[in-house]
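Engineer: Respectively, the protein sequence lines represent chains W and V. Just so we're aligned: 138 in our numbering is position 138 of the first sequence, and the numbers increase by one with no gaps anywhere. Just so we're aligned: 250 in our numbering is position 250 of the second sequence, and the numbers increase by one with no gaps anywhere.
Hints are computed from structural coordinates only; laboratory data are not their basis. Please note: incorrect hints may appear among the correct ones.
Repeated chains share a single entry, so a pair holds when one copy, or any two copies, can fit it.
With a Cα cut of at most 20 Å, we get these calculated PhoX-like pairs of lysine-lysine [what the hints assert, rightly or not]:
id	residue 1	residue 2
1	LYS292	LYS80
2	LYS80	LYS260
3	LYS344	LYS292
4	LYS260	LYS102
Bear in mind that the values here come from a model prediction, so they are computed numbers and not experimental data.
Below are the chains, spelled out letter by letter.
2 protein chains.
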Amino acid sequence: MKLYFQKSALMEGINIVMKAVPSKTTMTILECILIDATSGEIRLLSNDTEMAIQTMVPGTIAEPGMTAIDAKLFFEIVRKLPDNEILLESDPTDHILISCEKSRFNIAGRRGDEFVEMPSLEKGYYITLNQFTLKELIRQTIFSISLNDNNKMMTGELFEVRDNRLRVASLDGHRISIRNTILKESYEPKKVIVPGKTLVEISRIIGGEADEEVYIFFGSNHILFEFGRTIVVSRLIEGDYFRIDQMAGGGYETKITVNKKEFMDCIDQSIIFVRETDKKPLVMDIHDSAMKLSLNSMIGSMNGEISVDKTGNDLMIAFNPRFLQDALRVIDDETVDIYMVNAKNPCFIRDEDESYIYLILPVNFNTGR
Amino acid sequence: MKLYFQKSALMEGINIVMKAVPSKTTMTILECILIDATSGEIRLLSNDTEMAIQTMVPGTIAEPGMTAIDAKLFFEIVRKLPDNEILLESDPTDHILISCEKSRFNIAGRRGDEFVEMPSLEKGYYITLNQFTLKELIRQTIFSISLNDNNKMMTGELFEVRDNRLRVASLDGHRISIRNTILKESYEPKKVIVPGKTLVEISRIIGGEADEEVYIFFGSNHILFEFGRTIVVSRLIEGDYFRIDQMAGGGYETKITVNKKEFMDCIDQSIIFVRETDKKPLVMDIHDSAMKLSLNSMIGSMNGEISVDKTGNDLMIAFNPRFLQDALRVIDDETVDIYMVNAKNPCFIRDEDESYIYLILPVNFNTGR
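Build out the structure end to end from the sequences listed, making use of the hints.
Structural biologist: Here it is in C-alpha cells:
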C-alpha cells in the first residue's frame, strides 16, 4: 500500500476515529486504526466493540492495500509532522514507513484483515437533524445519566420520535432531563436507548454547524449516525425505558419566576460548603416576592436572597444544589419558571412550550426553626 | 475585627499568599491565612515552614484585630463573590462573617496568635534586579534541578553574586544549566543555595514587568524577596555548592551551529519512540555540513536530517533527547552553537558571551554499523 495525504486532512481523520479507540482492551488489534485503501477510497476505522467510527480521508492511492497501525503512535507521529505532504507505505509484512520532508518513521503495523469490521445495519428507518441541534440536545441532557452500571438503562438516553417531534431524555433516580425538538418531517413512532458514552463522543466529533445535517438510522440492535464523511455505529441498550410521561406530568401549588444568573450565583456560593462526606441541602424559603437561600454544613453557612415572581403558596423546600446547578447551566433563558407542589414532591423547571423539562427530587431538611 | 475590601484587591492578595499554604501538614493552623490588622495596615500571611509569604492588601480597618481563616475556604468564598465591596468581620471567639451584597458566609476561624510568624531576617546585604529578569532566570534553569531528595543541594539553585554579575545555576547529575546576568551595581561576593520550590512559587507570583524591581536580601539561613507589597522569606539549603566552574570549562574538537527550530522539531519527533521503560538515545551523526539524527526503539524508529555549520572534526554522539529539548526550549536565539570533544565528553550549548551555558552528558549508543 502506498498513500499520499495532506497532513491536515489526515490529522482530521485520525482525530475523529481516535474517539472509538479503547484505552484498555484484551483485543490488542483494537488499539489500532485500520487504514483501508482497497476500494478506491481511503477509509479509517476504529472499533471498541460498543461503538465503531469510520471516516473517509482525502488522499491519493498510489498502491491499494490495507493495514492496521497503533492509534496513539499514529496520532503522535502525524501530529508532529510539518504541515506538508505525507507518504504512508506498508509492505506485505505490514512494516510501515511514514515520511514527510526529511523525516522518516518506521513502525510495525498489523494485518488489516485481523481488524474488527463495523457492525452492519440495514439502512431503513432514519431521521435527519442539523448538527448543532443534536450537539445541543446531548449537552442539555447528558449530565443526568447514571454513571453507575447497576441499572444499564440509566447509563443511556432515550431517543423517542413521535410525528415531527424528537424527545431526548435521561434520568438517574434523583432527576429527569427532557428536551423536545421539532423535526422538519413527520415519522413513524420509534423509541431507542442510546449509550451515554456514544453520545458524548458524537458530540465531540460533530462540528456543531447549524446548516449541516446528521442522518440517524435506527436499527433493531444498533444506531448509526452519518454526517459529512463520517459514520458512527453504536450498540443500543436493550429494554423498555422508564415511563417518563407519568413522572413529568401534574399540577403545581407554587410557581416562581427567577433571574437565572442571580439564582445560579447563589447556588454557586452555597456549593462552597458542600463536601463529598457532608452533602447538605440548599434550603429555599419562598415568601411573597423573596426567596431566601441557605446552606448550613459542618464547615460553615451561606445565606443569600433573591427576588422572585411568585404565584400560589409560600413554600420551604430543599434540594441538592448541584442538581439545580446542572439543570440551570444548560438553560439559555434569562429567567426560568420553577413549579412546585410541596416540600416532598419534585420541582419542575420548564418553559411554556416544554422544549425543556428538568425534574428534580427535593431532599429532607432541618432548619432548626 | 472589621475590615472592608474591594473584591479584586482581596482576591489578588489571597492568590499571592496561597502559594505558601501547605497542602498537607500536621500543623493545621498553617492551612490558614493569617489576617492581621493590628498595626494600621491589612497584612495577609501564609507559612509552610520552608517559606513564608506576606502581602499587604488595600482596604479599610473599621476595627483592628487579627484572625486566621482556612485558606482554601477563604479563596473559594472570595472568588465566588460579586465584584463589589466585601465586609470581613470576626468576633473575639474568631467566628467570621464575610458579606457582600446580599450574600453572607459564616465560618469558624482560628486564633491569629496561634499562627507561625515569618522568620526574621536582618536586612543587610541585598541586590536588586528587575522582575522580568528574575522570572526568566528561574524559567531558564529550574528544569535541571533534581526532584530526588537524596542530594539536598541538587534540589536547589545556586545564586552567586560576583562584582556586577549574578549567576544562577542548577544541576542534576546529568546536566548543568547556567545563566549569567549583569546587575546595575557591583556587590561583595555572595553564594547561596535557594530551594527550587521557593523559586517556582516566586516566579508564579512576580508579574514579570521589566520596569519593576525585586530586592533580594541574603541572610545567613534565609533569603528574602521583596517586590511591590509582597515579601517572600525562604530557608536556604546548607552546604558548599558543586564547583561548576571546573565542570563547565575546556576546549572543543567539534563545533556546530544549527537552526534551533529545525533541531527541536527533529528531537520532538524522536521522542515519540521514547518510553519510560525504553529510554533510547538520540544519535547525532555529524558529517561535513549535515547532521543525521536517529532514534531506534522497540516501538519503531525515526530518522531525520538537518544542515549544520561545522568547525572541526566529524563526530557521532548520542544524548537523552529530553535533555536537549529542555535546554533548547529556554534559549531564545534562532541559531545555537554546540561544542563537543568526543562521544564520551559532555556537550556545551552556549552563546558567545556565555549569558547561558547548558552542559549535557552524552549516553552510550550502538548504531549497529
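Engineer: Looking back at the hints listed earlier, which ones does the structure fail to meet?
Structural biologist: none
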